[in-house]
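Colleague: Each chain, letter by letter, is given below.
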Amino acid sequence: MTLSVQHLWLIPALPLLAAAIGALTPSGGRTLAASAAIAAMVAAFVLSCCALVAALADPTANLTYNFTWFDLGTGAVRLGWLLNPLTAFMCVMVTFVGTLIFVFSLGYMHDDENFTRFFCFLSLFAAAMLGIVVSNSLLFLFVSWELVGLASYLLIGFWFQKPEAAAAAKKAFITTRIGDLGLLLGMVWLYHARGTLLFFDGGAGVLEPASLTALMVSTLSCGLAVSTAISLLIFCGAVGKSGQFPLHVWLPDAMEGPTPVSALIHAATMVAAGVFLIARIYPLMEADYHHHNLPIHALTVVAFIGAITALMGALIAVAQNDIKRVLAFSTVSQLGFMMLAIGVGSWVAAIFHLLTHAFFKALLFLGAGSVIHAAHHEQDMRKLGGLSGPMRVTFLTFAVGMMALAGVPFLFSGFWSKEAILHAAHAWDVSHIPLYFGLTAVVLTAFYMTRLVAETFFGKPRSHAAGLAHENPAVMTVPLVILAACAILLSLLAWPTPWLQHQLDPQAHTEPGGLSLMMLSIVLVALGLGAGWALYGRLLRTNASAPDPLAAALPRLHAFLAARMMFDELYAATFGRLSNGLAALADGLDRYVWGGLVNLVARLGQFGGLVNREADEDGLNAGFDAVSRKVRSVGQIYSRAQTGETHGYLRVIALGFVVLVLLVMLGGVR
Amino acid sequence: MPLLSLIIFVPWVGALLLAALPRIGDGAARVLTLIASLSTLALGLVALASFHPAAPGFQFVEQHDWIRSLNVHYHLGLDGMSLLLVLLTGIVSPAALLASWKQARSPRYFGLLFLALQGAALGVFLALDFFHWFIFWELSLVPAFFLIKLWGGPGAARAAYQFFIYTLAGSAFMLLGFAAIFAATGTLDFTQLARLAADGLLVEKLAAVSGFWPQAVFLGVLLGLAVKVPLFPFHTWLPPAYAEAPVGVSMFLTGVMSKMGVYGFLRILWPLFPAHLHAASGWLLCLALGGVVFGAFAAMRQTDLKRMVAYSSVNHLSYCLLALFAVSYSTGRIGFTVPASIAAFAGTLLQMFNHGLSAAALFLCVGILESRSGGRRGLGDFGGVRTAAPVFAGLCGITMFSSLGLPGLNGFVGEFLIFRGVFGLAPCTATIATLGLLATALFLLTFWQRVFHGPRAGAASREFRDVAGIELVALVPLVALMFLFGVLPHLLTNLFNPLVTSWVSHINPVVTTAQLPLP
Amino acid sequence: MTAALILIALLILGSTAVAMSLRNLIHSALLLVLSWMGIAAFYLWAGAEFVAFAQVLVYAGAVSMIVLFAVLLTRRSRADLSIAPASLRRAVAGVLAGGATAGVLTLAVLRTNLQIAPSAAPTVTVQQLGLELIGPQVASVLVVGVILTVALLGAVVLAASDRNDGKEDAP
Amino acid sequence: MNTLQLCLLISSALFCIGLAGALSRTNTILVLLGIELMLNAANLNFIAFWRFNPAPLPATGVIFVIFAIAVAAAEAAVGLALVIAIYRHQQNIRLQDATRLKG
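Residue numbers (the numbering used here), protein chains in the order written: chain A, 106 to 775; chain B, 9 to 527; chain C, 2 to 172; chain D, 272 to 374.
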C-alpha cells in the first residue's frame with residue numbers, strides 16, 4: 106500500500122488534529138488526550154511507511170503536489186508537498202521515535218496535573234516537525250519551523266512555575282529566532298530572486314538546475330554569489346535551530362523541560378530540523394561549489410561551523426555533572442558532526458547520522474528520564490550511582506545507547522554513521538581541519554559517555570533518593586527496549602551494503618572508505634573508553650562531594666568548561682548589554698529627546714505667553730489703558746445720545762435719511 | 009439603498025438616540041450602544057457580499073451636490089482598502105465596547121461618545137471629498153479626547169490634552185495644505201485630484217501660484233498624517249494616550265484610529281504627491297525604520313504593560329509605512345520590481361487589518377489584567393497568572409504570538425509580505441528592520457514570562473478570576489479570527505488584489521524621474 | 002385710469018392721515034382698516050390680484066384684529082381709549098421730520114427720469130405664482146415659514162401672562 | 272409726470288404720513304401702526320415698479336410683496352405682544368416711558 110503525494114499532508118495533519126483535541130479537552134480528560142495523541146502518531150507512522158514504499162519505488166523522483174495558498178496581485182503564493190526518500194525516511198523516523206516518546210511520557214508524566222496539555226503540546230511539536238519534512242515550499246517549511254519553535258517554547262517552559270524553566274523557554278525561543286531572522290531574510294531574498302519558494306515545480310522550482318544556475322551566476326558587489334549569500338542566510342536558521350556554534354546556548358538550558366521533551370527535541374524533532382533543512386536545500390548550498398572565483402563557499406562555512414561545534418560540544422560535555430546536560434552537549438557535538446558531514450559534501454552521511462542519532466539519543470534521554478524518574482528527580486550524577494542493580498533494563502538499554510553514541514565498532518549503528526562522516530571529511534579536498542576536529546571529538550565522546558555511565562550506574566548510591574530507586578513500569582521500559590533494538594538494527598542500513606546511501610542519493614559515488622581511517626577511529630574510540638574507565642570507572646567516587654579527578658588535574662580548564670566556556674556570560678556582556686542599551690537609548694530618546702522637544706515647544710508657547718503678558722502689563726497695556734480710558738469717557742458723552750427713547754431714534758433716522766438723500770442729489774455723489 | 013451613508017450614520021443615529029433618552033437605564037444604554045456598534049459589522053458584511061473586487065474604481069458610490077459654490081460634493085465610495093477597514097472597525101468596535109462593559113461611570117455618555125467616534129472613523133474610511141473627510145477626521149478627535157479624559161487613568165487629562173493638541177496641530181497643517189490645493193485647483197475631490205496628479209497637473213497648478221507651494225503643501229499634508237499614524241519621531245503623544253485611555257478606548261484607538269493615518273497616506277499623500285514622496289522617501293524610509301527599531305526597543309524598556317503594547321503599536325504601524333516608503337523610494341530606480349511592490353502593498357493592507365485585531369486583543373488582555381489587580385498594570389505587579397487563570401493565559405498567549413508574527417496566526421502573512429516587498433525594493437532597510445522583529449519577540453516574551461510564568465505573585469497571589477462571560481465573548485472572536493486569517497489569508501487578499509495590482513500598474517516612472525529636491 | 006388712481010390715493014392718504022391724528026384709538030384702528038383696503042384697491046388697480054387679496058386678508062382681517070385686541074387688553078378704563086396727542090413740540094417735530102422726508106422723496110421722484118412700460122399690465126396667474134414659490138423660491142418660503150412660526154411662538158411667550166413676572170422684574 | 276411717478280408720490284406720501292404719525296404719537300400701538308404704514312408704502316413701490324417696469328420680470332415684485340406682507344404680519348404680532356408685555360410691566364403703553372434699555 107502506498108501513499109500518494111496529494112495525501113502527504115495527512116501525516117502532519119493527524120498530530121495537529123490530536124493537538125487540537127488535546128487543547129480543547131478539559132484537564133480531566135487525560136485518557137482522551139493521550140490516546141488521541143498516540144493514535145495519531147501511530148497512524149502517522151503507518152502512513153509514513155506507506156509513503157516510504159511509494160518513495161522507494163523510484164528513489165530519484167521528486168514527487169510533488171503544489172497548490173495555491175492565496176493570490177497576490179496577479180500572481181499567487183504557492184505551497185506544496187514533496188515526497189522523496191529523504192522525506193519518507195524522516196517521516197518514518199519522526200513518527201516512530203515520536204510514538205515511543207509519547208508512550209514513555211504516559212508513564213513519566215503520569216502524576217502531572219497538566220497531563221492533557223502536555224500531550225497537546227507534544228502533538229503540536231510532532232505535527233510541526235512533520236510539516237517541515239513534507240513541505241515542498243520554503244515558505245511552508247518556515248511556517249512549520251516557527252511552529253516548532255513555538256512548541257519547543259511551550260514544552261521547555263512546561264513547568265512554567267519554575268522561573269528557570271520560564272527563562273530557559275524564552276532563551277530558546279529568542280536564540281532560535283535570531284537564526285530565524287537570517288532564514289527569513291534568506292527566504293525573502295530567494296523569493297525575490299526567483300519569484301517562487303517551491304523546491305520542485307516541474308523545472309521552475311528553486312532547487313532545480315535553471316534556478317541554481319541563475320542564482321550562481323549573479324554575484325553581489327562584494328564578489329559573493331547570490332546563491333552563497335542566500336545559502337548562508339538560510340544556514341543561520343539551521344545554526345539557531347540545530348544548536349550550532351555560536352547559537353548553541355539555548356540547547357543545554359532546554360533541559361528545564363520534562364525529560365520526554367528533551368528526548369523529542371534532541372532526537373527527533375527540533376534540532377534535527379536544522380540538519381534536515383540544509384540537507385533539503387543541499388543543491389542550493391552546493392550551487393557555488395564548482396565556481397572557483399568566489400571568495401567563499403557556503404559549504405565551507407557549514408563544514409567549519411560543524412567542526413567547531415562538534416569539538417566544542419564534546420569538550421564542554423566532559424565537565425558537566427548534570428546527567429541531562431552531558432547528553433545535551435553531546436547532542437550539540439553530534440549535530441556538529443552532521444553539519445560537518447554536509448559541509449564536506451556528504452549530506453547522505455549527515456542524514457544517516459541524523460537517523461541513527463535520533464534513535465540512540467532518544468534512547469539515552471529516555472533512559473536518563475527513567476533514572477531521574479526513579480531517583481525522584483535527582484539529576485546530578487555525582488549524587489547517583491549504583492543503579493545498575495535495581496534498574497536492570499534501564500541500565501542495559503542505556504549502555505547500548507552509550508556504546509552507539511561513543512561509536513563502539515561494528516555492532517552499533519552510531520559507529521557506521523560516524524564512520525561515514527569521517528570518511529567524507531577525509532575525502533574533502535579543501536581542508537583536513539574538520540577531520541582532525543572530528544577525530545578529537547570522537548575520543549572525547551567515548552570518554553564522557555564512559556564517565557556518565559560509570560558515575561550513574563556503578564558503585565554505591567551516593568544519595569538517599571538514588572538508594573530508593575527501582576525499575577520503572579513497563580510503559581517506560583518497553584520503549585527503551587525497542588529503541589535499543591533499533592540502535593543496533595539500524596546498522597543494517599549501512600552494512601553489509603550501503604543501502605540507505607543508494608536510496609537517498611543513487612548518483613553519489615560511494616567512497617571506498619580507507620581501512621586505515623576506520624582503524625584509526627576504532628583506536629581512538631578505544632582510547633576514549635579506556636581513559637574514561639581509567640579515570641572514573643576504577644576510581645569510583647564514594648560520596649557526592651568527592652572532587653572530580655579531572656578537575657583536580659586541570660582545575661582552571663575544567664572550571665572553564667564547566668561554565669560552558671562562558672558563552673552565556675559573554676553574550677550577556679555583549680549582546681544582552683547592547684540590546685538593553687539600545688532599549689534604554691530608545692526609551693531615553695522618547696522620554697527626554699522627543700518628549701523633551703515636544704515639551705520644549707509647549708514651554709516655548711507658555712513662555713511666549715508669559716513674555717507677552719508681562720510686556721502687555723507694563724508696556725502696551727499702560728498705553729492701552731490710557732487710550733481706552735479716553736475712549737471710555739468719549740463714549741460716555743456719546744452714550745448720552747442713547748436715551749432709550751424710541752422716538753428720538755426714529756427722528757434721527759428720518760433726518761439722517763433726508764440729509765443723505767440731499768447729499769446725493771445736491772452734492773452729486775453718485 | 010445608500011449603504012455607505014448607512015454605515016457611517018447608523019452609529020451616529022445610535023448616539024443621537026442615546027442623547028435623546030436621558031432616562032435610559034445603564035443596561036439598556038449598553039445594549040443600545042452595542043447594537044448600534046454592531047450595525048457596522050452587519051452592514052460591512054452586506055457590502056462584502058455584493059462587493060466585486062475585480063471592478064475598477066470605487067463601488068457603492070454616493071455623490072450629491074452639497075455646497076455648490078465651493079464645488080463640494082457629498083461623495084462616498086468604497087474600494088478594497090476601505091472595505092477592509094470598515095470590516096475591521098466592525099470587528100474591533102463591538103469588542104471594545106464589550107471590554108468596557110463593566111464601565112461603571114455613566115455608560116450612556118460613554119456609549120454616546122464611543123458611537124460618535126466610531127461613526128467619524130467610518131466616515132474617514134469612506135469619504136472621497138476632502139471637505140467632509142476632514143470633518144470626520146477632526147470630529148473623531150473630540151469624542152476620543154473626552155473618552156480619554158473622563159474615563160481614563162490618573163494621568164488622563166494631560167495625556168488627552170497632549171493627544172488632542174498634537175494631532176490637531178498636525179491636521180491644522182494639513183488643512184492649510186488642502187486650502188492651498190483648493191485655491192489652486194478648485195476641487196477637493198480625491199478622485200479628481202488623483203487624476204490631476206497622475207497627469208502631473210496638480211503640482212503644475214500649485215507651482216503656478218508660487219514655486220514654493222507644492223513642497224509646502226506636501227509637507228503640511230505629510231505632517232498631519234505623520235502625527236496621526238504616528239511616524240517616528242512624531243509618536244510621543246501615543247504611549248501616554250493609549251496607556252491612560254480606558255481599555256475599550258485603547259482598543260479602538262489602536263485598532264481603528266491608528267489606521268486612519270496609514271489610510272491617509274495611501275489614499276491622499278501617495279496618489280497626490282508621488283514625486284514629492286519619492287524625493288523625500290529616503291528620509292522617510294529612515295524614519296519608518298526608526299519607528300520599527302526604536303518602537304520595539306523602547307517597548308522593551310517599559311514597565312507599564314499598556315505603554316509596552318502602545319510602543320508595539322508604533323513598531324507595527326511603522327512596518328506599513330516602511331513598505332509604502334520603500335515602494336516610493338524605489339520607483340524609477342534600479343531596485344524597482346512589480347512583484348515586490350505588489351507584495352509590499354498587500355503586506356501593508358494585511359498588516360493594517362491584522363495589527364488592528366492583534367493590538368486590540370492585546371490591549372483587551374492588559375485590560376483584563378488591570379481589572380483583576382485593582383488598576384495596577386506594572387510588569388512587576390503580576391506573576392504566575394498562568395497558574396491562576398489558564399484559559400486567559402492561553403488566549404493571551406495566542407494574541408501575543410499573533411502580535412509577534414508567528415506563522416499560522418494572522419500577523420505573519422502581512423509581515424512576511426512586507427519583508428518580501430521591502431527586501432526586493434530596499435534590501436538594507438529590510439535587513440535592519442529584522443532587528444525590530446527580534447526586539448518584538450524579546451519584549452513580548454519578557455512580558456509573558458514576568459506576568460504569566462513563575463510562581464504566583466502580586467495580584468495573582470490572591471484570588472484571581474479566570475476570564476468568563478463578557479470578557480470571553482469579547483476575546484474569543486478576536487482570537488478565532490486570528491487563526492482564520494492566519495490560515496486563510498486569501499479571505500482578505502482576494503478583496504484587494506486587483507486594487508493593489510492597479511496601484512502598482514499606475515505607478516508612473518516618468519513622474520519620478522524629475523528629482524524634486526525638498527526645500 | 003389715472004382718475005381711478007387718484008381716487009384710490011385720496012382714499013388711502015386721507016384715511017391714513019385722519020387715523021394718525023385721531024384721539025380715539027378704536028377709531029384710528031378702524032380708519033386704518035379703510036386705509037389698508039385702499040391699498041388693496043391700489044394693488045387691484047395695478048393688476049396684482051393675489052397681493053390685493055393677501056393684503057385684505059392679512060391687514061384688514063388679521064392685523065386689525067390683533068390691533069383691536071391689543072388696544073382692548075391694554076386699557077384699564079374707558080378713558081384710556083382716548084389719548085391726547087403728545088406735547089405740541091413732539092407733534093411739530095414729527096410733522097417736520099415727516100414733511101422733510103416727503104419733500105426730499107418728492108424731489109427725488111420728480112427729478113428722476115423713470116421710463117414706464119408702454120404695454121399693458123403684466124399678468125401673473127396664481128398658478129404661476131405658486132410654481133414660482135415652490136420652485137426657485139422654495140428656500141425663502143421655508144425661511145418665511147420658520148420666521149412666522151418663531152414669531153408666533155415668541156408672541157405667545159411674550160404675551161403669556163405670568164403672575165410672577167412683576168415680582169421678578171421688580172428692580 | 273407719468274403714472275409711475277404718480278404712484279411713487281402716493282407711496283411717498285403714505286410713507287411720510289406713517290413716519291409723522293410714528294414720531295408724533297406716544298401710544299406704542301399707534302407707533303407700530305405707523306411703522307406698518309411705512310411698510311405698506313414700500314409694498315406700493317414694489318407693485319408700482321413691477322407694474323410699470325419696461326421689461327418686467329415675471330412675478331418678482333409680487334413675490335417680494337408677499338414675503339414682505341408675511342414678515343410684516345409676523346412683526347405686527349411680535350410687536351403687539353411686546354406692547355402687552357410692556358403694559359403688564361409698567362401699567363401703561365407710553366413709548367417714552369419704556370427707556371429701561373438705554374445704555
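Watch out, some of these pointers could steer you wrong.
[Unchecked claim] In silico negatives: residues of chain A with every beta carbon more than 12 Å from chain D:
| # | residue |
| --- | --- |
| 1 | N219 |
| 2 | G701 |
| 3 | E750 |
[Said to hold, decoys possible] Taking lysine to any residue pairs in the SDA-like style, the calculated list, with each CA pair at most 20 Å apart, reads:
| # | chain 1 | residue 1 | chain 2 | residue 2 |
| --- | --- | --- | --- | --- |
| 4 | A | K267 | A | P164 |
| 5 | A | K267 | B | T454 |
| 6 | B | K157 | B | F139 |
| 7 | A | K267 | B | A465 |
| 8 | A | K488 | B | A465 |
| 9 | A | K267 | B | G466 |
| 10 | A | K267 | B | T395 |
| 11 | A | K267 | B | A224 |
| 12 | A | K267 | A | G572 |
| 13 | A | K267 | B | G388 |
Bear in mind the hints are in silico, worked out from the structure with no lab data behind them.
Glycine included, C-beta positions come from ideal geometry on N, C-alpha and C.
Colleague: Next step is simple, just say for each hint if it's right about the structure.
Modeller: Taking the hints in turn, this is what the structure says about them:
Every Cβ of chain D is farther than 12 Å from the Cβ of N219(A); the closest lies at roughly 83 Å, confirming the non-interface assignment. Taking the minimum C-beta to C-beta distance to chain D, about 53 Å, the non-interface status of G701(A) holds against the 12 Å cut. With a closest Cβ-Cβ approach of about 6 Å to chain D, E750(A) is found to fall inside the 12 Å limit, against its non-interface label. A threshold of 20 Å between alpha carbons decides the hint, and for K267(A) with P164(A) the separation of about 48 Å lies outside it, so the pair is violated.
The hinted pair formed by K267(A) and T454(B) meets the criterion: a straight-line CA distance of about 15 Å does not exceed 20 Å. For the proposed pair K157(B) and F139(B), the alpha carbon gap of about 28 Å is over 20 Å, so the pair is violated. Between K267(A) and A465(B), the direct Cα distance comes to roughly 13 Å. Compliance with the 20 Å bound is thereby established for this hinted pair. At most 20 Å may separate the alpha-carbon atoms for a hinted pair to count; K488(A) and A465(B) exceed this at roughly 33 Å.
Distance restraint check for K267(A) and G466(B): the Cα-Cα separation of roughly 16 Å lies within the 20 Å cut-off, and the hinted pair is therefore satisfied. A distance of roughly 11 Å separates the Cα atoms of K267(A) and T395(B); the hinted pair therefore holds under the 20 Å criterion. For the hint linking K267(A) to A224(B), the alpha-carbon distance of about 59 Å lies beyond 20 Å, and the restraint is violated. Of the pairs offered as hints, the one joining K267(A) and G572(A) is violated, with about 26 Å between alpha carbons and a cut-off of 20 Å exceeded.
Between K267(A) and G388(B) the CA atoms are separated by roughly 17 Å; this keeps the pair inside 20 Å, and the hint holds.
Against the hints set out earlier in the document, violations occur for numbers 3, 4, 6, 8, 11, 12.
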